[in-house]
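J.: What follows is each chain in one-letter form.
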Amino acid sequence: MANLTRADVEHVAHLARLGLTEDELARFEGQLNHILDQYAVLASLDTEHIAPTAQTIELANNLRDDVVQPSLPVEDALANAPERSGDHFLVPAIIGGGGGA
Amino acid sequence: MADLTRLRAHEMAALLRARQVSSRALTEAHLAAAERQNRALNAWLVIGRAEALAQADAADKRIAEARREGPAVLAALHPLCGVPIGLKDLISVKGGQATAGSKILAGYIAPFDSTVAARLRAAGAVILGKTNMDEFAMGSSTEHSAYGPTANPWDLTRVPGGSSGGSAAAVAAYNVPVAVGTDTGGSIRQPASMCGVVGVRPTYGRVSRYGIVAFASSLDQIGPFARDTRDAATLLHTLAGRDERDATSAPVPVPEELLHLPAGDDEAASYLKGRRLALPREYFVDGMEPGVAARVREAVAAMAAAGATVEEVSLPHTHYGLAAYYIIAPAEASSNLARYDGVKYGYSDRSSGEYIADYLRTRGAGFGPEVKRRIVLGTYALSAGYYDAYYLKAQKVRTLIKADFDAVWEAGFDAICAPVSPTVAFPLGARVEDPVAMYLSDACTLPVNMAGLPGMSIPAGLSDGLPVGLQIIGAPWSELSMLRLARAYEGITARAPWRAFEPAELKLTDDPTTPGPIERKERHNLGAPAAGPGARA
Chain A
0 MANLTRADVE HVAHLARLGL TEDELARFEG QLNHILDQYA VLASLDTEHI APTAQTIELA
60 NNLRDDVVQP SLPVEDALAN APERSGDHFL VPAIIGGGGG A
Chain B
0 MADLTRLRAH EMAALLRARQ VSSRALTEAH LAAAERQNRA LNAWLVIGRA EALAQADAAD
60 KRIAEARREG PAVLAALHPL CGVPIGLKDL ISVKGGQATA GSKILAGYIA PFDSTVAARL
120 RAAGAVILGK TNMDEFAMGS STEHSAYGPT ANPWDLTRVP GGSSGGSAAA VAAYNVPVAV
180 GTDTGGSIRQ PASMCGVVGV RPTYGRVSRY GIVAFASSLD QIGPFARDTR DAATLLHTLA
240 GRDERDATSA PVPVPEELLH LPAGDDEAAS YLKGRRLALP REYFVDGMEP GVAARVREAV
300 AAMAAAGATV EEVSLPHTHY GLAAYYIIAP AEASSNLARY DGVKYGYSDR SSGEYIADYL
360 RTRGAGFGPE VKRRIVLGTY ALSAGYYDAY YLKAQKVRTL IKADFDAVWE AGFDAICAPV
420 SPTVAFPLGA RVEDPVAMYL SDACTLPVNM AGLPGMSIPA GLSDGLPVGL QIIGAPWSEL
480 SMLRLARAYE GITARAPWRA FEPAELKLTD DPTTPGPIER KERHNLGAPA AGPGARA
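Which chain is which? The protein sequence lines are A and B, in order. Using numbering that gives the first Met the number 0, read the first sequence as starting at 0 and increasing by one per residue. Using numbering that gives the first Met the number 0, read the second sequence as starting at 0 and increasing by one per residue.
I should point out that these hints are in silico values taken from the structure, not numbers from a laboratory. Careful: at least some of the hints might be erroneous.
[To be verified] To be clear about the criterion: a stretch of chain A counts as covered by chain B if any three or more of its residues have a C-beta under 8 Å from a C-beta of chain B, and this derived list gives those stretches:
id	region
1	4-15
2	50-57
3	78-88
From the three backbone atoms N, C-alpha and C, an ideal C-beta is built for every residue, glycine too.
Please take these sequences and the hints and turn them into a complete structure.
T.: Below is the structure:
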């Protein structure tokens, strides 16, 4: 099984858009490796011919009638938004780098 | 009248119908207890006095109208009408907070009712407030709450279990007769066990999850806490059933008999005759406290003496459950928690003006340490190159764990009896910096979630003066027979001396000079109290 380096923790945290402090990176590296050590037990189990289980109740096509129903009103949906612009969520600028793009 | 907070919900229902008490009086009594004890217990993140009293008055009006319309209408009134209830603070109640124990949801106001809240409103239940929990339900002690830990009313220096520790402690301390929690790996059963109350995790798909904050979507279920099986069954009946707003809620009928578990102890006990109970040897794990194992074996022996057959069975893949669970749950969590981006709702740091930097800061400051650990673990387990070794492997192990249980049902057993937690409630701070030690306290509960089964904890006596729970696990959709078995066990132990014990430190919680768990935590220097976004004034 793999061993997580500090750089790995930093990389994965960045993938998850999680800003970690220096202190957290140091602490998590040890703790996460301790947790990964517990996973090693799984390698001893032969699962080559076992199908994976994603859900436990065999429920398929749980449909409802296709009837128009009221949606959440726009004002209610926006009520918790940190910033809004008219009837929209205000999203920080994503394209063009700096804040002004 | 004697202390109204000592009543069970079904006793309240009878008194309300007989005009011997009003919902307002019940609600006032429970509000007073909750407000008085919250400094010492920190079981509640919010107590909604005004809203609760308004709901109580509405319930009193409904009861009066029903009485005018005649005995049949009065009898048909919902059994929880006018009864106070607590909800874990990840359940949306329109117009109220739903922090999920996290700073990232501080200030969030739910714009709609969850289906369970809507069903409780329709029943006329009185929502007293929202209970404390481990952040995003990730934890086994309620210490991972961003709003400070909850104390156990049996010993204020110990944890109540988790993640639904606030709901369990509130029911144990007579703040409410019933409460709602969620169970992803044991988060109802384990705190129920540690606080000496009844807690039920229903079959996956039994209760709609519309409007609850998601943790691990293939494992999460909502369920009841109560001080006896009859109240737990009544609340389960209220919560359960197909909901078109949750495609994972199953179109399986909810048995009406849940509302009518036997009142008489002897009648209840007779259900044990001829039942076949399985005792899985793998659940008596290394590190299990002898007192816990002893109480569970005594409970099973008592059921055998009352007419049940008990046979030892093997669930051979139990040993792999912990590792598989702690891959699947963090993987699903890392995906579910991607929604906290500081755009639609929740804490948002836009101070740098640079998109990625603000994103990192928002989530870095908004989430607590255990949530961060699990997001990193889950992201890692799902990332390129590791998916097969971790996530896919864990899903295959899940198949094997489920097959272990299937074999028990196919062999004709009615239920499995097991310990809930390997230990009684542990001291505050003992495991908070050791994630693996914390995870081990779910070893006997999480296989049930992996297999999607119903399971429950029922008080089975004390060890070292602290409660021990007996776990009863059923086949899918067998909640009624599981609760009948639990009711039978209640019946045969009705006169056991420990049944009369109240939480040992309840008196201390009434004393305004008793330090609360947040002060204790600071005193023991176990980490800084909640600070930053959403820290409570």
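J.: Check whether three or more residues of the region 78-88 of chain A sit with their beta carbon closer than 8 Å to a beta carbon of chain B.
T.: holds (count 6)
J.: With a cut-off of 8 Å between beta carbons, are at least three residues of the region 4-15 of chain A near chain B?
T.: Held - the region 4-15 of chain A has 7 residues with a Cβ nearer than 8 Å to chain B, which meets the minimum of three.
J.: Are at least 3 residues of the region 50-57 of chain A within less than 8 Å of chain B when you compare beta carbons?
T.: The restraint on the region 50-57 of chain A holds, since 7 of its residues have a Cβ under 8 Å from chain B and three suffice.
Hint violations for this structure: none, all hints satisfied.
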